[in-house]
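> Chains as they are written, first to last, in numbering that gives the first Met the number 0: chain U, 0 to 494; chain V, 0 to 99.
Hint data in this document are derived by calculation from the structure and do not stem from the laboratory. Being a predicted model, the structure only gives us computed values, none of them experimental. Virtual Cβ for every residue (Gly too), placed ideally from N, Cα, C. Take these hints with a grain of salt, some might be off.
Calculated pairs, DSBU-like style, for lysine-lysine (alpha carbon to alpha carbon, straight line, at most 35 Å) [what the hints assert, rightly or not]: (1) U:Lys85 <-> V:Lys17; (2) U:Lys489 <-> U:Lys265; (3) U:Lys309 <-> V:Lys76; (4) U:Lys363 <-> V:Lys76; (5) U:Lys421 <-> V:Lys17; (6) U:Lys266 <-> V:Lys17; (7) U:Lys85 <-> V:Lys76; (8) U:Lys397 <-> U:Lys466; (9) U:Lys263 <-> V:Lys9; (10) V:Lys96 <-> V:Lys9; (11) U:Lys266 <-> U:Lys309; (12) V:Lys76 <-> U:Lys242; (13) U:Lys421 <-> V:Lys9; (14) U:Lys263 <-> U:Lys466; (15) U:Lys489 <-> U:Lys263; (16) U:Lys265 <-> U:Lys85; (17) U:Lys363 <-> U:Lys263; (18) U:Lys397 <-> U:Lys266; (19) V:Lys9 <-> U:Lys363; (20) V:Lys9 <-> U:Lys100; (21) U:Lys489 <-> U:Lys266; (22) U:Lys466 <-> V:Lys96; (23) V:Lys96 <-> U:Lys363; (24) U:Lys100 <-> U:Lys309; (25) U:Lys100 <-> V:Lys17; (26) U:Lys85 <-> V:Lys9; (27) U:Lys363 <-> U:Lys100.
Listing some non-contacts, in silico: residues in chain U with all C-beta distances to chain V over 12 Å [as the list claims (entries may be wrong)]: (28) Ala35; (29) Thr89; (30) Asp279; (31) Arg294; (32) Gly297; (33) Glu299; (34) Asp379; (35) Ser439; (36) Gly456; (37) Ala488; (38) Trp494.
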Amino acid sequence: MTDLTELGVAAIRDGVAKGDFTAVEVAEAFNANVAAAQAALNAFIVATPDAAIEAARATDARRAAGQPLGKMGGVPIGMKDLFATKGVQTTAASHILEGFKPEYESTVSQNLWNAGAGMLGKLNLDQFAMGSSNETSYFGNVISPWRRNDGGNAAMAPGGSSGGSSVAVSARLAPAATGTDTGGSIRQPAAFTGISGIKPTYGRCSRWGIVAFASSLDQAGPMARDVRDCAIMLEAMAGFDPKDATSLDLPVPEWEAGLSGDLKGKKVGVPVEYRMDGMDADVAASWDRGIEWLRDAGAEIVEVSLPHTKYALPAYYIIAPAEASSNLARYDGVRFGLRDLPDGAGLQDMYAATRAAGFGAEVKRRILIGTYVLSAGFYDAYYTQAQKVRTLISQDFKNAFTRCDVILAPTAPTAAFGLGEKTDDPLSMYLNDVFAVPASLAGLPAMSVPAGLNREGLPLGLQIIGKAFDEQGVLNAGLAIESRAQFSAKPERWW
Amino acid sequence: MSVDTATVAKIAALARIKVGEAELEAMVPELNGILAWVEQLGEVDVTGVEPMTAVIENHLRLRDDVIDADPLTAGGKRDAVLANAPARQDGFFGVPKVIE
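Isolated chain V (complex conformation) (with noise of 0.2 Å):
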């Protein structure tokens, strides 16, 4: 499979990246060849493999079920978890107007 200009500019615009003319004219080539480099993926007889989705085997947690349990990622952190905004105001991210 190989991926065009419209279809580049499709996923740009899927993964929210601005892209101008020239610089997508330069990507498709780019992205052709590193597809066309993992497509020999196709080759692998994979029947009866399971995909992996633990790399080491381990289980997923719980953690206790008590508010703010662990008092790092715990609630009540609201001016540091805004002190690294380009815009805030009264307690909120600030953002360009959403709803017309």
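Extracted from the complex, chain U is given alone in its bound form (with noise of 0.2 Å):
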């Protein structure tokens, strides 16, 4: 029998609904791959392979009463533990909400299991999804299964903040997961490891039951093996949800049935201030061919102007931690998590005490900072300015749009690094987000597919970003490339 962990979404649902195996058989296999992966990758918080085969019973009973199955009838799937789960330990990988156990399921998780998959457990992440190397969990780092070709065995970072996400997906250890991104914290992780994975346009993702870091920018999406099974599961994910404000009233596409890689008649924009001074040439390499790829599927190439690009971290920097050092003010010591009551404490010292001890130091940097920005005197220079700044970001993007229907980039400036390379330098870390970050502050659909591997043997990705509302275009460039690049590397199982 093939090894059923071998298979994406796709390859399971169809099989799953053919007969070919059962979804119990499937919840096993990767249940296993989860539990022999975890002492070394550490991608799980919480492994739920109860849950799993619950899920996988169900789906056979409905298939065995020739009921439907839904869109991802029989897969089991790794869910983020930022998103909350009713009765499953939810932490935003932080101390401060271990052991909180929500009451409630967040309308993600809700619809997915709607649609017939199943949860493996919850998934390992920078702590409040604040990071790019998943470095800033209470929970510990998650390890890349990927290691460089030079015979040295050096833990590489998996990418963040989704990193027991990318993990999860690269090493087997489930099909797909859920990611969340507000930074760039489905695509960089997903280029890291040498997986797909798309952050839709703000607003079609419902962010309730999520937990929020930046409420402007926090948008969930899948990431899985190829362009086909993101644009399942995005599928089964969105949808208008009256409890999210800013969830967009628009019919769910079916993007799957959309999918094409003939690109004639399209225009695909190559922006000139992402080639940088001193980029690295595998990057530089890797993004040439993407354009060829693209060429070669039909479409046609130009040249576009985002002059603001170099503006896009600096803004993301401000407003970022500005709505972080908000929506973090909730955890109080009162009504969930952690409780740190010194001896003949009043509520005030309850509340630096709970939060000097729950909140990790990056978490803490960031509140902070945000702090700062929107106090009394500053918050016109800081955050007034940079929500301008995001104005003109935003339009750059509008009018480079009037020539081009995406636009093709570099997900990342390099591969993986090592564990600990950058943790000492707040700076250096947030700069591997620079690709990812302006298609963010616009709110876009941008996505990550794999495109090929640096001289070190690690994964690059190329990013495509579209217009808003524009999934299926996005997803269509990312199918253009996917048959071109044939990628078909994977880590050679060490754990």
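Put the two chains together into one complex, using the hints given.
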């Protein structure tokens, strides 16, 4: 029998529907991989093998009864531990939420269960989704299954913040996983681990029940082995939700049915500002190959200009911390999560002690930056200025999209780096999201697809950015790259 | 603009995060590094530019003016609301004494 854990979402869905194998067999195979990899990769904070089996049994029973199985029928997935899951610990990889068991289910996870998916467990991430290497989790680093081809065994970063998700999919612990993207947290880890991931247009997926980081940026999306699997899973995740004030009241397109790698008549924009001085040679070469692939798919290549690109990252590091400092004010040791009550402490002392004990260094750093830029006397100089720059960045994209249908760029400035290589300097870590953040600030759909390996044998991703609401255009360009890149490399199993 | 130890202590107090002396000393250069970097935004000409308020144009909806319109977010959920509280008593959140 074929190894079921080598199958992706579409293959599992179709195989279960046809009766080639049962959903329970699939869940058992992935449960075994999850358990075998936990000690070495630390991708999961909590594994939920029983939940996966229970959902699989329900799918098998529906099939036996001749009922429809759903878009994700029989597909077990990993759930980033930023989504509230009823009765299952939800931590955002923080100490302050350790032991928190929500009384409710997030809209996105509920949509997935309604579509027939099952949960393998809650995936590790950067604490409160703040990080680009999964080194800020209270529950320990996630280790990438990839290693450099130098014969060494240095632990590589899986990217962040959705590092547990990227590792689970690339190491065959799950056929797909949920991610969330605030400033690149789906795309950058996908690129680092040789998988695909799409952040849809802001508002496509409900934020209800997702632990909030920066509400004007946070957006959920799928991470999976290929473009088709992302399309299937995004259909299951997306949809209008009256419980989220920023949810888009639009029908969910049939992205899978609309997939086409034929780009005849399409224009692909290549932003001149993304070709930066001192750019990594392998990344530049991979970008050039991507341009040729899309030309080969029938697209016309045009140069476009996004003049405010260099200001996107500094604007992001005002806006995101500002929103985070406000959102994270809710962790007060009163209503849920950790409480640290020193002897004789009053209410204010309890707040301060709880938050000191419950937040990690990077989370504190961002709360302090956010508090400072929002404080009296500094608000206009920092926050208002950043929001004006954000308008200009969004306008850059609108102008560019009068000349092209999608934009092609690298996902990240380098391949994965080693754990610990950037932790001493917050700024060097932030710069990793230089190509990912502009699309986040503009709320645009953007995807990373694997494009090849660099000279160290590590995956590189290419990013496609689309117009608002045009996930189809993004997925189709992704498919055109995928079918030409023929990326089949996978990490050798050492764990 | 740069921050000194006293300013960071004030921000931490505003943010309700207890920070020890040593931690405070370490934070000052880190925060200054980040603030110096974000200040490049000051060179952008934003004359006549409106600050962004909604990234994707959308309108705010009003829910139906009905009590408990959505059962999931409606009232009558006291036990569920209190279920994760670190301290609770008689149907209330428990906190240290607030009034002397």
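> Evaluate each hint against the coordinates.
Hints versus structure:
1. U:Lys85 <-> V:Lys17: Holds, at roughly 32 Å.
2. U:Lys489 <-> U:Lys265: Holds - the C-alpha atoms of U:Lys265 and U:Lys489 are around 32 Å apart, at most 35 Å.
3. U:Lys309 <-> V:Lys76: 48 Å, violated
4. U:Lys363 <-> V:Lys76: 32 Å, holds
5. U:Lys421 <-> V:Lys17: 26 Å, holds
6. U:Lys266 <-> V:Lys17: 54 Å, violated
7. U:Lys85 <-> V:Lys76: 15 Å, holds
8. U:Lys397 <-> U:Lys466: Holds, because 8 Å separates the two Cα atoms, which is no more than 35 Å.
9. U:Lys263 <-> V:Lys9: Measuring from Cα to Cα gives roughly 59 Å; hence the hint is violated.
10. V:Lys96 <-> V:Lys9: Holds, at about 25 Å.
11. U:Lys266 <-> U:Lys309: 24 Å, holds
12. V:Lys76 <-> U:Lys242: 17 Å, holds
13. U:Lys421 <-> V:Lys9: 29 Å, holds
14. U:Lys263 <-> U:Lys466: 18 Å, holds
15. U:Lys489 <-> U:Lys263: 31 Å, holds
16. U:Lys265 <-> U:Lys85: Between U:Lys265 and U:Lys85 the Cα gap is close to 44 Å, so the pair fails against 35 Å, i.e. violated.
17. U:Lys363 <-> U:Lys263: With a Cα-Cα distance of about 49 Å, the restraint between U:Lys363 and U:Lys263 is violated, given a limit of 35 Å.
18. U:Lys397 <-> U:Lys266: 15 Å, holds
19. V:Lys9 <-> U:Lys363: 14 Å, holds
20. V:Lys9 <-> U:Lys100: 34 Å, holds
21. U:Lys489 <-> U:Lys266: 32 Å, holds
22. U:Lys466 <-> V:Lys96: Distance of about 54 Å is beyond 35 Å: violated.
23. V:Lys96 <-> U:Lys363: 27 Å, holds
24. U:Lys100 <-> U:Lys309: 41 Å, violated
25. U:Lys100 <-> V:Lys17: Answer holds: U:Lys100 to V:Lys17 is near 26 Å, not above 35 Å.
26. U:Lys85 <-> V:Lys9: Violated. U:Lys85 to V:Lys9 sits at ~38 Å, over the 35 Å cutoff.
27. U:Lys363 <-> U:Lys100: Holds, at about 24 Å.
28. Ala35: The assertion about U:Ala35 holds, with a minimum of 32 Å to chain V.
29. Thr89: The claim is violated: U:Thr89 sits with its nearest Cβ about 10 Å from chain V, within 12 Å.
30. Asp279: About 21 Å separates U:Asp279 from the closest Cβ of chain V, which puts it past 12 Å; holds.
31. Arg294: Given a closest Cβ separation of 31 Å, the condition holds.
32. Gly297: 29 Å, holds
33. Glu299: Consistent with the label, U:Glu299 stays out of reach of chain V, its closest Cβ about 27 Å off (over 12 Å).
34. Asp379: Not fine: 10 Å to the nearest Cβ puts U:Asp379 too close to chain V.
35. Ser439: 9 Å, violated
36. Gly456: Answer for U:Gly456: holds, closest chain V Cβ roughly 33 Å.
37. Ala488: With a cut-off of 12 Å, U:Ala488 remains clear of chain V, as the shortest Cβ separation is near 36 Å.
38. Trp494: 34 Å, holds
When each numbered hint is compared with the structure, violations occur for hints 3, 6, 9, 16, 17, 22, 24, 26, 29, 34, 35.
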